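**Q** Below are the chains, spelled out letter by letter.
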Amino acid sequence: MASHRILPSPFSDPLRFDGAVRTKVTSRPVILLRRLVVRLVTHVLPLMLAIITGTFFLIHSAPGSFVEIMSSEMQVSDQAMIDRLSVTYGLDQPLWVQYLKYLKAVAQFDLGFSYRQNLPVIEAVLHHLPATLLLMISGILVALVAGVSAGAVAASRPNSFIDRALSMTGVFLFAAPGFWLGIMLIVLFGVTLGWLPIGDMRTIGADYGFFGNLLDVGYHLLLPALAMGLHQSAIYLRVTRTAMLQAATADYVKTARAKGLSEGTVILRHIFRNALLPIVTVLGLQFASVLSGSVVIEAVFNWPGIGSLLYDAVVARDYPMVLGIIILSSLVVITVNLVVDLVYAWLDPRIVLE
Amino acid sequence: MNAQTFAVDTPFIEARGLTTSVRTKRGEVPIVTGFDLSVRRGETVAIVGESGCGKSLAALSLMQLLPKGRARVSGGEVRLDGRDILTLKARELNALRGREIALISQDPMSALNPVISIGAQLREAITAHSDLKGEALHARAIELMRLVQIPDPEARLREYPHRLSGGMCQRVSIAMAIASQPRLLIADEPTTALDVTIQAQVLQLLQRLKRETGMALLIITHDFGVVAEMADRVAVMYAGRIVEEGPVREIFRNPRHPYTQGLLALTRHHPRGMRLPEIAGLVPAYGEARTGCAFADRCPQARAICRQLTPERRSVGPLHDTACWLTETGEVA
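So the sequences go chain by chain: A and B.
The first sequence runs 0 to 353 under numbering that gives the first Met the number 0.
The second sequence runs 0 to 332 under numbering that gives the first Met the number 0.
Isolated chain A, as found in the complex (with noise of 0.2 Å):
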């Protein structure tokens, strides 16, 4: 009897021998703000320099120059006159030259004049880059709503018919490219069914005061919206599914069933509050390939974004806006990833450590 007891450790003090690893508890919001200035520091500033020379280098590199293809344009072969244009436009300077020259203005916070536009390049993007910010972000939210709801629903009740239905719109809507899923939602809604306009982002000529005008542009923002959302929305759908099912499995969630809790709490507290994780981080990963998809959209809906800028600047070798565009909408994906990020650290605690 005796070879079986556990003997009585010497060490059953719990305040010396089993204490929690104690450290400093720093607060949250002061971790998460570090992190933020050290990302902007070793992150976004060697990104920014590097996306600024590569783009330079390559639209520059590009065959023709602005001058060529205005001259062209305007049938101009004089060539003392070409030549006066390089020299006002600063083209006739070697290659190194411009490129430090335009560095010095960027760090300044002046992306230059557009050639083609007769405008400071800032001013042009500013105006466009609103109705594209809106559509993408149009399009994340019904992709999130609508792959996100369909993947818990699918997980609820995995390998059942509704799962499968779903995985298969879901595999369809990602194979599909989103201007020809745009393309088929402009024929269905917008000319056979006559419901929802086929481009544009507001009624021309029409003033229905502000919020008949928010409304307006809601209407207008309905199917490319949803072209680029249900496109998107395949793999928050596959996404949710997997990690709410693997979330399902673990023990805490045994735990959280043991406690006496609801189905409702333990599905949202427990299983969904850890599926989120994958899911944030496929929204930082997806959100550069919807800016590029906007452009497209852009294109098959008339809408007014900085995609039909962008083309119009490459066409013309208007470097100074290429430049400016490609600096901004960076910026942009920088500033949501930087989110992403952040985000992703306040959802999962274990972040911070590392």
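Bear in mind the hints are in silico, worked out from the structure with no lab data behind them.
Keep in mind it's a predicted model, so treat the numbers as computed, not measured.
Misleading hints may appear alongside valid ones.
[As the list claims (entries may be wrong)] Simulated crosslink set (DMTMM-like; lysine to aspartate or glutamate; CA at most 25 Å straight-line):
1) B/Lys209 - B/Glu142
2) B/Lys88 - A/Glu262
3) B/Lys132 - B/Glu158
4) B/Lys88 - B/Asp35
5) B/Lys67 - B/Glu27
6) B/Lys132 - B/Glu142
7) B/Lys88 - B/Glu13
8) B/Lys67 - A/Glu262
9) B/Lys132 - A/Glu262
10) B/Lys88 - A/Asp250
11) B/Lys24 - A/Asp250
12) B/Lys132 - B/Glu91
13) B/Lys132 - B/Glu153
14) B/Lys67 - A/Asp162
15) B/Lys209 - B/Glu249
16) B/Lys209 - B/Asp151
17) B/Lys67 - A/Asp250
18) B/Lys209 - B/Asp80
19) B/Lys24 - A/Asp162
20) B/Lys209 - B/Asp222
21) B/Lys88 - B/Glu27
22) A/Lys100 - A/Asp82
23) B/Lys209 - B/Asp35
24) B/Lys88 - B/Glu76
Using the hints provided, position chain B relative to the given structure of chain A.
**A** Using the frame of chain A, we list chain B on its own:
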């Protein structure tokens, strides 16, 4: 060891002929079969057996906490104060979990939700069965943390699980489990994942809480040391069946099933240099059609009948049952 009070009281929870099956690609396979066990008020019962013998599955069946869609109770009944738990609706089950029966799991680190603070998880266990709010709720959480001897409870409540040691997490799990003063605490291998010195502390803590609250304990373990230290009664499981059950002293002094005898022989002191003893053979695979006693192939005393007929449990002493054909003298009963 605790005073042996079990004979006077009626069972608080009783499983009769419980069969729990797991869904596999080849259909449903019963893992736990004909499981009969009762726990009386304030009693400590241990289920002992090797990994995969179905002891955890049986315990989870008592709370209806089997993983949905992958395992289910396919036969028998579980009565709690006379009510059959298997027929309860979700709401009735939730009212019972945590309040009547609570659970602590094997791995304390994964039993706590990594993204929710200790305080929030503990408060959730309290509010599941009470209307405490604000200050009173906080005070109760602190009280529970003190009860499980967690130093500096105010600070610990704000922490997240990854900042605590395994032993600390197990204390938090225990605090959550006793939050609504359950009448039965199921402890599924409560010390397996812990360091040896911490194991003794956690066991002592469970003993003390049991003494102070009068709750019954059902301990799932593979460690006869834990059985000897904690339990009033023990049930030995092999391949999904209880093969022997009785008061701890009786089982240690007079094990009747060859499997129990083998297990106990393994736990005795072994002289240096001697080959460690073992029970020869392998546990039978689940889902294999078999007749007779599941242990027959490994049993040194097996007879012809052992391979033909499954032995029923029969009484071999006061409160002492075994499912074996052999009598004390080696005759077939």
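**Q** Next, verify each hint and record whether it holds.
**A** Hint by hint, here is what the structure shows:
Straight-line distance between C-alpha atoms of B/Lys209 and B/Glu142 comes to about 16 Å, which keeps the hinted pair within the 25 Å bound. For the given pair, B/Lys88 sits about 12 Å from A/Glu262 by alpha-carbon distance, which is consistent with the 25 Å threshold. This hinted pair checks out: B/Lys132 and B/Glu158 have alpha carbons roughly 20 Å apart, not beyond 25 Å. Restraint check: the Cα-Cα separation between B/Lys88 and B/Asp35 comes to about 23 Å, which is no more than 25 Å; the hinted pair holds.
Note on B/Lys67 and B/Glu27: the hinted pairing holds, with a Cα-Cα distance of about 14 Å set against a maximum of 25 Å. Of the pairs offered as hints, the one joining B/Lys132 and B/Glu142 holds, with about 15 Å between alpha carbons and a cut-off of 25 Å not exceeded. A hinted pair counts as satisfied when its Cα atoms are at most 25 Å apart, and B/Lys88 with B/Glu13 qualifies at roughly 19 Å. A distance of roughly 12 Å separates the Cα atoms of B/Lys67 and A/Glu262; the hinted pair therefore holds under the 25 Å criterion.
A threshold of 25 Å between alpha carbons decides the hint, and for B/Lys132 with A/Glu262 the separation of about 22 Å falls inside it, so the pair holds. This hinted pair checks out: B/Lys88 and A/Asp250 have alpha carbons roughly 23 Å apart, not beyond 25 Å. With a C-alpha separation of about 24 Å, the suggested pairing of B/Lys24 with A/Asp250 holds against the 25 Å cut-off. Pair hint B/Lys132 plus B/Glu91 holds up; C-alpha atoms about 23 Å apart against a cutoff of 25 Å.
Restraint check for B/Lys132 and B/Glu153: satisfied, since their Cα atoms lie roughly 17 Å apart, inside the 25 Å limit. The straight-line distance between the Cα atoms of B/Lys67 and A/Asp162 is roughly 16 Å, inside the 25 Å bound, and the hint therefore holds. Using a Cα cut-off of 25 Å, the hinted pair B/Lys209 and B/Glu249 holds, with the two alpha carbons roughly 23 Å apart. As the CA atoms of B/Lys209 and B/Asp151 are separated by approximately 23 Å, the hinted pair is consistent with the 25 Å bound.
For the given pair, B/Lys67 sits about 13 Å from A/Asp250 by alpha-carbon distance, which is consistent with the 25 Å threshold. A hinted pair counts as satisfied when its Cα atoms are at most 25 Å apart, and B/Lys209 with B/Asp80 qualifies at roughly 20 Å. For a cut-off of 25 Å, the pair hint linking B/Lys24 to A/Asp162 stands: about 19 Å separates their Cα positions. For the proposed pair B/Lys209 and B/Asp222, the alpha carbon gap of about 20 Å is at most 25 Å, so the pair holds.
About 24 Å separates the Cα atoms of B/Lys88 and B/Glu27, which keeps this hinted pair within 25 Å; it holds. Between A/Lys100 and A/Asp82, the direct Cα distance comes to roughly 20 Å. Compliance with the 25 Å bound is thereby established for this hinted pair. For the hint linking B/Lys209 to B/Asp35, the alpha-carbon distance of about 24 Å falls within 25 Å, and the restraint holds. Between the alpha carbons of B/Lys88 and B/Glu76 the distance comes to roughly 15 Å, so the proposed pair stays at or under 25 Å and holds.
Checked against the numbered hints listed earlier, the structure breaks none of them; every hint is satisfied.
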